[in-house]
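> Be aware that the sequence shown starts at 3, since it is given in my numbering, and climbs by one per residue.
Possibly wrong hints are sitting among the right ones.
Think about it this way: if two alpha-carbon atoms lie no more than 27 Å apart in a straight line, the pair counts; the simulated DSS-like pairs of lysine-lysine are [as the list claims (entries may be wrong)]:
#1 10 - 96
#2 96 - 78
#3 183 - 121
#4 10 - 183
#5 53 - 107
#6 121 - 149
#7 107 - 35
#8 121 - 96
#9 66 - 10
#10 229 - 176
#11 149 - 96
#12 53 - 63
#13 298 - 53
#14 229 - 196
#15 78 - 18
#16 35 - 229
#17 196 - 271
#18 196 - 149
#19 63 - 121
#20 196 - 66
#21 196 - 206
#22 271 - 18
#23 35 - 183
#24 149 - 18
#25 35 - 121
#26 206 - 229
Computed beta-carbon distance windows for the label pairs [as the list claims (entries may be wrong)]:
#27 205 - 37: 53 to 59 Å
#28 20 - 257: 28 to 34 Å
#29 298 - 210: 32 to 38 Å
#30 179 - 117: 45 to 51 Å
Treat the hints as calculated values from the structure; they're not laboratory data. Virtual Cβ for every residue (Gly too), placed ideally from N, Cα, C.
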Amino acid sequence: FFGYNMSKAVYVAATKQYIGKTTTCCALLSGLKERFSQVGYMKPVGQVDAKVMGPSGQVIKVDKDVRLFKEFFNLKHCSYHDMSPVMIRSGYTKRFLDGQIDHGKQVEDILRGYANLQKVNDYLVVEGTGHCGVGSIIGLDNAWVAKQLGLDMVLICSAGLGSSFDELMLNYMKCEEHGVKIRGVIMNRVVPGKVDTVRTYIEKALSRWNVPLIGCVPYYTYSPTLKDLETLFQEEVLVGQEFRDRRFESIELVATSLQKFLKIVHLPKYQNTLWILHATRIDLLQGVLEHIEEHKAAGGQWGGGLIL
Numbered sequence: 003f004f005g006y007n008m009s010k011a012v013y014v015a016a017t018k019q020y021i022g023k024t025t026t027c028c029a030l031l032s033g034l035k036e037r038f039s040q041v042g043y044m045k046p047v048g049q050v051d052a053k054v055m056g057p058s059g060q061v062i063k064v065d066k067d068v069r070l071f072k073e074f075f076n077l078k079h080c081s082y083h084d085m086s087p088v089m090i091r092s093g094y095t096k097r098f099l100d101g102q103i104d105h106g107k108q109v110e111d112i113l114r115g116y117a118n119l120q121k122v123n124d125y126l127v128v129e130g131t132g133h134c135g136v137g138s139i140i141g142l143d144n145a146w147v148a149k150q151l152g153l154d155m156v157l158i159c160s161a162g163l164g165s166s167f168d169e170l171m172l173n174y175m176k177c178e179e180h181g182v183k184i185r186g187v188i189m190n191r192v193v194p195g196k197v198d199t200v201r202t203y204i205e206k207a208l209s210r211w212n213v214p215l216i217g218c219v220p221y222y223t224y225s226p227t228l229k230d231l232e233t234l235f236q237e238e239v240l241v242g243q244e245f246r247d248r249r250f251e252s253i254e255l256v257a258t259s260l261q262k263f264l265k266i267v268h269l270p271k272y273q274n275t276l277w278i279l280h281a282t283r284i285d286l287l288q289g290v291l292e293h294i295e296e297h298k299a300a301g302g303q304w305g306g307g308l309i310l
């Protein structure tokens, strides 16, 4: 899939908001880092900004997802200005319609940023904003931007059959209007027991467009790792660095007595729990340590974690 796309970049859009487009882009970039020595990320049109430190030490505002990708994937070779060239803030649309914002300047900024990122990356993930029509009012909908960049598109769709395909159809028509090829579809948040069914019938439905189903992502409750928490809190694991990829099925704040805590910590449902203890509760901390030693004595390994 990635080798066939000679432009060395792909445009990722979704059929609607909040269905996991950014999360899917994270997965794509993570996989690409294993295939290419240098990968990058771009969000041509952003809507929600975040404050970051610019190259000269000044505070600038970029799309919040750009900040996420640059920091999490350590994209030091990618400039914030190139990664987030256009931001639609409050009042932007009215100013555009009043003729106060130049459409040509918007396009120039996007093309410049893309060209700069292409020079320093072997492959580039370009993330759109929402579905293919988002941004139409300022002349920068996802399908149109993908066309200007000369990129094929991957569509992220929520799980289902009839309603999901209806959403795909609307976005497919928008891409057809601008002559953008849909390289593939990813079905996200598929109920685990229905993965095979969704895969079979969505593939049949997509065959009329000659568009492949790239994959079905099962819907599981989010299970953070210690590495995720390091990024969230901007801190390092103090003990047990070898378990930074360990996942936790639940997170529990402990504010009970030691006796009650010792009763629940032994229950099977809490074997992969991240416990949050107040630093003054030395009794609970000792209880956790004793519990860990019991696991070791029995020849097992404790699957939990601890935040003080």
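> Taking the CB of residue 179 and the CB of residue 117, does the distance hold inside 45 to 51 Å?
For residue 179 and residue 117 the Cβ distance comes to about 25 Å; the hint is violated.
> Residue 206 and residue 229 were given as a pair; does the straight-line alpha-carbon distance stay at or below 27 Å?
39 Å, violated
> Please work out if residue 35 and residue 183 have their alpha carbons no farther apart than 27 Å.
24 Å, holds
> CA of residue 229 to CA of residue 176, is that 27 Å or under?
39 Å, violated
> Taking only the CA atoms, is the gap from residue 229 to residue 196 under or equal to 27 Å?
31 Å, violated
> So if I understand the rule, the pair passes when the alpha-carbon distance is 27 Å or less; does residue 183 with residue 121 pass?
24 Å, holds
> Hey, residue 78 versus residue 18, does the alpha-carbon distance stay inside 27 Å?
This hinted pair is violated, its Cα atoms lying about 31 Å apart.
> Checking one constraint from the list: CA of residue 149 to CA of residue 96, max 27 Å. Satisfied?
25 Å, holds
> Holds or violated: residue 196 and residue 149, Cα atoms, limit 27 Å.
Between residue 196 and residue 149 the Cα gap is close to 35 Å, so the pair fails against 27 Å, i.e. violated.
> Just to be careful, I want the Cα atoms of residue 35 and residue 229 compared with a cutoff of 27 Å; is the pair within it?
17 Å, holds
> Can you tell me whether the CB distance of residue 205 to residue 37 sits inside 53 to 59 Å?
25 Å, violated
> Between residue 63 and residue 121, is the straight-line Cα distance small enough, at 27 Å or below?
This hinted pair holds, its Cα atoms lying about 24 Å apart.
When each numbered hint is compared with the structure, violations occur for hints 1, 2, 7, 8, 10, 13, 14, 15, 18, 20, 22, 26, 27, 29, 30.
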